[in-house]
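Chemist: The lines below spell out each chain.
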Amino acid sequence: RKEVEQDPGPFNVPEGATVAFNCTYSNSASQSFFWYRQDCRKEPKLLMSVYSSGNEDGRFTAQLNRASQYISLLIRDSKLSDSATYLCVVKGRGGSYIPTFGRGTSLIVHP
Amino acid sequence: ETGVTQTPRHLVMGMTNKKSLKCEQHLGHNAMYWYKQSAKKPLELMFVYNFKEQTENNSVPSRFSPECPNSSHLFLHLHTLQPEDSALYLCASSQLLAGDLNEQYFGPGTRLTVT
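Residue numbers (the numbering used here), protein chains in the order written: chain A, 15 to 125; chain B, 782 to 896.
Just so you know, the hints here were simulated from the structure itself, not pulled from any lab data. Keep in mind that the hints are not guaranteed to be accurate.
Below, in silico cross-link-like pairs of lysine to aspartate or glutamate (EDC-like), each with a Cα-Cα straight-line distance of 16 Å or less [to be verified]:
no.	chain 1	residue 1	chain 2	residue 2
1	B	K821	A	D96
2	A	K93	A	D53
3	B	K822	A	E29
4	A	K59	B	E884
5	A	K56	A	D96
6	B	K822	A	D21
7	B	K817	B	E837
8	B	K821	B	E884
9	B	K822	A	E19
10	B	K821	A	D53
11	B	K821	A	D71
12	A	K93	A	E17
13	A	K59	A	D71
14	B	K799	B	E837
15	B	K833	B	E848
Partial chain A-side listing against chain B, Cβ under 8 Å, derived [unchecked claim]:
no.	residue
16	A43
17	S46
18	F48
19	E57
20	P58
21	K59
22	L60
23	S63
24	R73
25	Y111
26	I112
27	F115
28	R117
Residues of chain B clear of chain A, computed beta-carbon distances all greater than 10 Å [stated by the list, open to error]:
no.	residue
29	N798
30	N851
31	S853
32	H858
33	H860
34	N883
35	E884
36	T894
Everything numeric in this text was worked out from a predicted model, so none of it was measured. No residue lacks a Cβ here, since even glycine has one placed at the ideal position from N, Cα and C.
Start from the sequences and build out the full structure, keeping to the hints where you can.
Modeler: Right, dumping it as structure tokens:
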């Protein structure tokens, strides 16, 4: 099992749709979780950290499920500008700080 | 955004050349990282520095040599590279390595082509 797994997609959705991505991780000792966004040929940019109780930032909601070892990202009211690759990042292997990136999930929002 | 800068943005080099990539962060962070991103692959961590000290070398070939003179600057020295080393090289920094302030901020990357 890969350390961090994401469905590569692409997820092709119309403007205004709600879309959700999941990311599973294999190390139950993982401590920190993040979602990054990467536009084509650009650097990854931090979208949001994922907290145990779940957190929301505008149209974006992140959830952590430790029992099933996955995190999720929900995007409501999709915009054309949301089109990007969404990277899941998990930190902590037995207390280690080494971050592990997923391959990313591609989202295409069309008119 | 100018939090983390990288130069050059694009680099083409022959296999016998020697070149260096530069990264500078203006965020007052203490940890810096080098990543390699190849097409269709996840980001690969190469090196980690914490307070100028190297704390991680992720089995990177010796043709890649990092240098961290201070907490704000990070270099990646390249020599006798192979065509398969062509990739986007990303620098990142974080306030701390672990704990609540470990979010990483990335530079724009150097797109390297080895001919």
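Chemist: All hints are to be evaluated individually against the structure, with a verdict given for each.
Modeler: Results of checking the hints against the structure:
1. About 20 Å separates the Cα atoms of K821 (chain B) and D96 (chain A), which puts this hinted pair outside 16 Å; it is violated.
2. The suggested pairing of K93 (chain A) with D53 (chain A) holds, with an alpha-carbon distance near 14 Å, which does not exceed 16 Å.
3. Among the hinted pairs, K822 (chain B) with E29 (chain A) is inconsistent with the structure: their alpha-carbon atoms are about 28 Å apart, more than 16 Å.
4. Of the supplied pair hints, the one linking K59 (chain A) and E884 (chain B) holds, its CA atoms being roughly 10 Å apart against a limit of 16 Å.
5. For the proposed pair K56 (chain A) and D96 (chain A), the alpha carbon gap of about 14 Å is at most 16 Å, so the pair holds.
6. For the suggested pair K822 (chain B) and D21 (chain A), the alpha carbons sit about 13 Å apart, so the restraint of at most 16 Å is met.
7. Straight-line distance between C-alpha atoms of K817 (chain B) and E837 (chain B) comes to about 14 Å, which keeps the hinted pair within the 16 Å bound.
8. A hinted pair counts as satisfied when its Cα atoms are at most 16 Å apart, and K821 (chain B) with E884 (chain B) does not qualify at roughly 24 Å.
9. Between K822 (chain B) and E19 (chain A), the direct Cα distance comes to roughly 12 Å. Compliance with the 16 Å bound is thereby established for this hinted pair.
10. Between K821 (chain B) and D53 (chain A) the CA atoms are separated by roughly 14 Å; this keeps the pair inside 16 Å, and the hint holds.
11. The straight-line distance between the Cα atoms of K821 (chain B) and D71 (chain A) is roughly 29 Å, outside the 16 Å bound, and the hint therefore fails.
12. Distance restraint check for K93 (chain A) and E17 (chain A): the Cα-Cα separation of roughly 31 Å exceeds the 16 Å cut-off, and the hinted pair is therefore not satisfied.
13. Under the criterion of a C-alpha separation no larger than 16 Å, the hint pairing K59 (chain A) with D71 (chain A) is consistent with the structure, at around 15 Å.
14. With a C-alpha separation of about 23 Å, the suggested pairing of K799 (chain B) with E837 (chain B) is violated against the 16 Å cut-off.
15. Taking the CA atoms of K833 (chain B) and E848 (chain B), the gap is near 9 Å; set against the 16 Å cutoff, the hint holds.
16. With a least beta-carbon distance of about 13 Å to chain B, the hint placing A43 (chain A) at the interface is violated under the 8 Å criterion.
17. The closest approach between the C-beta of S46 (chain A) and any C-beta of chain B is roughly 6 Å, which is under the 8 Å cut-off, so the hint is satisfied.
18. Checking F48 (chain A) against chain B by beta carbon gives a least distance of about 7 Å; that is within 8 Å, so the hint holds.
19. Here the hint on E57 (chain A) is kept, as its CB sits about 4 Å from the closest CB of chain B, short of 8 Å.
20. The beta carbon of P58 (chain A) is positioned within 8 Å of a beta carbon in chain B (closest approach about 5 Å), and the interface hint is therefore held.
21. For K59 (chain A), the shortest C-beta to C-beta distance to chain B is roughly 7 Å, which falls under 8 Å, so the interface hint holds.
22. Taking 8 Å as the C-beta contact cut-off toward chain B, the hint placing L60 (chain A) at the interface holds, the least distance being around 5 Å.
23. A cut of 8 Å between beta carbons decides the hint on S63 (chain A): the least distance to chain B is about 6 Å, and the hint holds.
24. Given the 8 Å rule on beta carbons, the hint for R73 (chain A) is violated: about 20 Å separates it from the nearest Cβ of chain B.
25. A distance limit of 8 Å between C-beta atoms decides the matter here; for Y111 (chain A) the minimum to chain B is near 4 Å, and the interface restraint holds.
26. A cut of 8 Å between beta carbons decides the hint on I112 (chain A): the least distance to chain B is about 7 Å, and the hint holds.
27. For F115 (chain A), the suggested interface contact is upheld, since its CB lies about 4 Å from the closest CB of chain B, less than 8 Å.
28. Hint status for R117 (chain A) relative to chain B: holds, with the closest Cβ pair at about 5 Å, below 8 Å.
29. With a minimum CB-CB distance of about 24 Å to chain A, N798 (chain B) clears the 10 Å threshold, and the non-interface call stands.
30. Taking the minimum C-beta to C-beta distance to chain A, about 21 Å, the non-interface status of N851 (chain B) holds against the 10 Å cut.
31. For S853 (chain B), the shortest C-beta to C-beta distance to chain A comes to about 18 Å, beyond the 10 Å cut-off, and the non-interface label holds.
32. The Cβ of H858 (chain B) lies farther than 10 Å from every Cβ of chain A, with a closest approach of about 21 Å, so its non-interface assignment holds.
33. Under the 10 Å C-beta cut-off, the non-interface status given to H860 (chain B) relative to chain A holds; the minimum distance is some 25 Å.
34. Once the 10 Å rule is applied to beta carbons, N883 (chain B) is inconsistent with being away from chain A; the minimum gap is 6 Å.
35. Look at E884 (chain B): its CB is around 5 Å from the nearest CB on chain A, not clear of 10 Å, so calling it non-interface is violated.
36. Distance check for T894 (chain B) against chain A: the nearest CB is about 13 Å away, which clears 10 Å, and the non-interface claim stands.
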